[in-house]
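K.L.:
Model the placement of chain B on the given structure of chain A, informed by the hints.
From first to last, the protein sequence lines are chains A and B.
So this note's numbering is basically just the index in the first sequence, starting at one, shifted up by 43.
So this note's numbering is basically just the index in the second sequence, starting at one, shifted up by 1051.
None of these hints come from the bench; they were simulated from the model.
A portion of the hints provided could be inaccurate.
Calculated cross-link-like contacts (lysine to any residue; reagent style SDA-like; alpha-carbon spacing at most 25 Å) [unchecked claim]:
#, chain 1, residue 1, chain 2, residue 2
1, A, K344, B, V1701
2, B, K1567, B, E1153
3, B, K1575, B, F1467
4, A, K495, B, D1158
5, A, K495, B, N1160
6, A, K208, B, T1711
7, B, K1675, A, L471
8, B, K1080, B, V1572
9, A, K344, B, T1684
10, A, K417, B, R1205
11, B, K1080, A, Y493
12, B, K1163, A, I482
13, A, K449, A, L537
14, B, K1558, B, Y1569
15, B, K1525, B, S1629
16, B, K1081, A, I482
17, A, K71, A, L61
18, A, K208, B, S1714
19, A, K344, B, G1691
20, A, K71, A, R506
21, A, K449, B, N1262
22, A, K251, A, T321
23, A, K208, B, S1694
24, A, K449, B, V1275
25, A, K449, B, V1117
26, A, K208, B, V1701
27, A, K449, B, W1265
28, A, K449, B, S1118
29, B, K1163, A, Y493
30, B, K1076, A, Y493
31, A, K420, A, V519
Computed footprint of chain A on chain B, listed as stretches where at least three residues anywhere in the stretch have a Cβ under 8 Å from a Cβ of chain A [said to hold, decoys possible]:
#, stretch
32, 1197-1208
33, 1213-1220
34, 1228-1235
35, 1699-1713
DEER-style ranges, computed between Cβ atoms [claimed, not checked]:
#, chain 1, residue 1, chain 2, residue 2, range
36, B, V1253, A, V91, 49 to 59 Å
37, A, A80, B, N1101, 53 to 63 Å
38, B, F1769, A, A218, 42 to 52 Å
39, B, D1157, A, L509, 33 to 43 Å
40, B, V1068, A, P419, 10 to 20 Å
Glycine included, C-beta positions come from ideal geometry on N, C-alpha and C.
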Amino acid sequence: MILGLMLTVILLPFVGGLLLQFLKFKDKRQKQCYIFAYVLINTLLTYVLLWQGSTELIRVINFAGAKLDFSLKLDGMGIVFAGLVSTLWPLATLYSFPYMEHERNGRVHENIFYLFYTTTYGVTLGIAMSGNMLTMYCFYELLTLVTVPLVMHTLTREAVLASRKYFYYSLGGAAFAFIGLIFLVVYGDSLAFMYGGVLNLTQIGDKKDLLLFVYVLAFLGFGVKAAVCPFNSWLPQAGVAPTPVTALLHAVAVVKSGAFAIMRLTYYSFGTEFLRGTWAQYLLLCIVIFTIVYGCSMAVKETHIKRRLAFSTISNLSYILFGILIMTPLGLVGALCHMVFHGVMKICSFFCAGAMITQAHANYVHEIDGMARKMPKVFGIFTVSALALMGVPGMCGFVSKWHLAKAAFESGDILAVVGVGGLLISALLTAIYMLSIVIRAYFPGNDFDYGKLHDDIHDPDWRMLLPLFLFVILMVVFGVYNVPIVNFFRFVALGRI
Amino acid sequence: MGNTFWTVLFPFGICVVVWFMPRVKIKDKKKTCALIMILASTVELVMALNLMVCDLRGISIDVFDVSGVGGLGLHFMYSGFRGIFGVLTAFAWFVTSLFSYEYMRDDTNVIKYDLFNLLTLGATMGIFYAADLFTLFFFFEIMSFTSFVWVAHRQTREALYAAGTYLGIAIAGGMAILMGLFIVYSQLGTLSFDKMAGNTMVMIGSDSKANITWMFVAAGCMFVGFGAKASAFPVHVWLPQSYTEAPSPATALLSAVLSKTGIFGIMLVTLDVLPMQGSWGVFILMVGIVTMVLGGIRGVMSNNFKTTLAYSSMSQIGFILTGVGMQSLLAEYLMWTNAVQYADVLSGMDGAWYMDSEIVAEITKVFGMAVNGTCLHMLNHSLVKLVLFMVAGVIFMQVGSYELNQVRGFGRRKPFLLVTFVLAAAGVGGIPFLNGYVSKTLLHESIAEYGALLTLAEGSSIEPMLSATSGLMKVSEALFLFSGGLTVAYMTKLFVVLFIQKNSDKKVQEAYDAKKNYASVLSKFAIGVCALPIPFIGMLPNRVAKPVAEYGLVRFGLSELLEQQKENIHYYSFKNLSGALISITVGVVVYFLVVRIMMLRGVFSNKKKEGYRDVFPTWLNMEKYVYRAVFYTAVPFVLGIISRILDSIVDIAVVILRNTVYSDRALPYELPEGNRVTHRIGYSMERIRLLYYAVMRKEGYEPKNYEHKLAMKGTDIFENFRIIERSLSFGLFMFCVGLGLTMIYLLVVN
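The following block holds chain A by itself, in its conformation from the complex:
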């Protein structure tokens, strides 16, 4: 029953997308209804699944040998990720309808676009529900394959270049991750995800340094999708994709898959017992702390709004990785918090940027002077998301930062404390790059001529605004009252679910 449901939610979006190619619709409205219907049904089914839960490992197919099998499982960590993805996907789909009507090439390849867009949904759920490393690796590769066409969508020279880069980077990264997989097969008791790790210490013997090296390789391999410096340059470039793709995939699904895979790798395969206090941890911490500051610095310099947000994503993803690398349950709480909260904040700010693009054709920071008067709702929401990203108390960004810093101080590592400094510098830079947009929109200066703005610039229709309002509510609710969700994360991080 549960297995059937799991396979259904993974495959339904793909099947729905395939049918879309053959069905004939009277008008675009009907088509959009159809797409939204199957995405929503999939989300509801996923919710049923999450409600039921199944921490047991379900074997689907066994390949050669006892270790290599295709298996699914839905433990706490999977619930968090699947819950995040399944909540955001219908909203993003709703948002994408008006957006794609504006997009160049939007009408031509629309069916193909939605095929891949929804297939990615199933694949991402597959990553969330993978029961072992092999299964996750398969879905992980599949994710690269199905998202490349989405980046390429506009078929401009830029887009083709960006998608090619994305493809190379991802495949290269997966190759490194594969090395990790092989070593797990050899030195692990099994490939399945077990809280605390599966390494067989007697078998490792004196090869600890080798295993650590492999861990570093695998971390960086999965880290390519999580845009760890120096493997980050694909992410800003991939911003040429339509905004629903950038927002959902490059701020949530794809990049969070990378972070999620690293969580699995660290806490469920190698195990923190093995890794904590080793040179591998410190090396990676250095890289991650650098990425935190680096992403923000680049965002401050960037004037293209979407690319600026992409750089911001790079920095924020490293917050998550930083939490993971503290390698204590508390650190994982911080990482999970930021994974979920950042998903909401970033998708919201991206959607606002998308609204600016479709409504006002404003791609660059200097083009939005005084725009807040024309699009009050969009900029109001953007301001909230900016405050949340900065981590102003009372918004969700603060909660995750709080937990990360708390974990860092409790771990007692001096490097972790340095990392907190990095987080705060990053918060300051975040304030600069987000608020400079907000201030330009609200305070263009008293010599600004509002007549210059086109009269037809206005807030977008409800399909774009509804998701935005929901995100704002989520951001504030998570920020103000987050005890249940943080407690849930705590259970997950302690391996109880």
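P.N.:
Just chain B, lined up with the frame of chain A:
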């Protein structure tokens, strides 16, 4: 029945009403908004007073716990000190909203202004009623963001520039506080003000040096944040522009209330995070002295009415910080001498020294003076700055400028303006019988007496334990009196400009003299209400000032100290008056030297300009040449280079790989004649020949075109070969070769 939480929440609630103002159909929205503001701040004032009355009647006001909000939950509490500043905040908002009724009448964005004004009110109340550091930080951040709108309000280029600096420093400061918060939480395990000091004392007692170092780091971080709001020395750079650019009622609030939130934070750090740590006290004392001297000097040298007041604000904050530093130093002294009370703390350390109770009582008395003086100077400064900035607002409404040369002579024949201005200016200048004299005397006494106490400790085992030296105290005292003189000097400057001198343009002066309706009744009322208490505090220090200060302190957890300090201080004894006289003399000298000679006569500067000129050298602008230069140019440049390199590492690797290992095969290159073999051989032969000529130093090199020749040869051979290939003889030849091979095979294999 008082409730701290609702007092904090009430302005936020009113915000919703103001938020809907643009959406409601009312005839005069601006007027309605202004009335809402007045009403809301009146209600807020009543609520704050109600809390105080409840407390005075002995009804206990419990800690209010809003659990779960923001993770840690918000906690509010009441104490005397909090009560006084809560009332002061509400009062300041009340008078400025009265004043804004006229001042903001012609403003187009008044609804936006009012909205953020209310938010700031709520946040400020939240800061003063906070029961733990997290709640304080929560509201501190809100206040920083909402007050940004004040500074940016006029939206001129200068205002936006100033607002940018204000926000940048506020956010950086907020982050620094957050860092300090994390450290304190990890070290002490609590953020509650009730428990923090105790936990730190336990930590000192256990003598773990590493942890104390962490506490100092935390205190330093928090100092950056709180000091930025208070405009303490290295982080004061936002102050002059922001104060000048914000609308006058907002400036009054920035100076009267918001700077006090920073001081409040620093006091909490001094008393709770690092209690009894004298080295921290020395640091605060030094910062305070630098701030007061620097602010005073710049105040004297400025030729802008409002900027002078802004620097005056900075200077007075320096006085207050000096008091905070003295508190810390005296507390340290007290700990070392009063070994009975602090036995468990001192047991872990060497060199504890017990003095007789008389000296303990003396220290306690001086300590009480420092605490009283700090608290009182905060109050005094708030009142005075409310008056002065509202006067500045009146001037701006009529003149439209703050330039001294423009406002010159404006105050002539305006008795109300004269009385209020003189009360406030002389009050803050420390003239006897006005409020500033009382608080400055207390602060001065605490420094002087501490110096005397230090000589008592000389040669004893306690001497190495104390952080301050008597030399430092002497310098501090001298600079304290000197800064007092600076205050007198710049206030005299403003007074003379406004009320004595005539404008250089006679028509303007006539217009100024003719103005009788320069301010509405409401505005005058607002100014008058603030000016009224000034002489009372000054003339009846032991009746008015002392109870107020003590009410604040008893609930500050220092009641047992004040038990011992019943006697009144003789403010108008010769000893205390002489301090004021020194300051006034210095002030007069500085006034004539700097203002009359340098600024007005133009000695040492450009003589062509008429009237007052700004004589402060522009290249000493810290904001522009240090902060902006470092954070806008130098740091991004260095980081940019590093980022560029790292950003392209992978790309470079890819390019290198592509050009070496993974290079595509070269496209087939069509040779004009011959084939590759002939081309290569011919080319090399040509080169060899050239080399030969060069080595042998032979003259007359001419290319022999080997390539061409070989190509022709090659083509010949190729043609011939093709002909042979097609001929019968070739077939026979191949047959022979085949037979030969067969034979060899047979021979070898068999």
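K.L.:
Which numbered conditions among the earlier hints are violated in the structure presented, ordered from lowest to highest?
P.N.:
none
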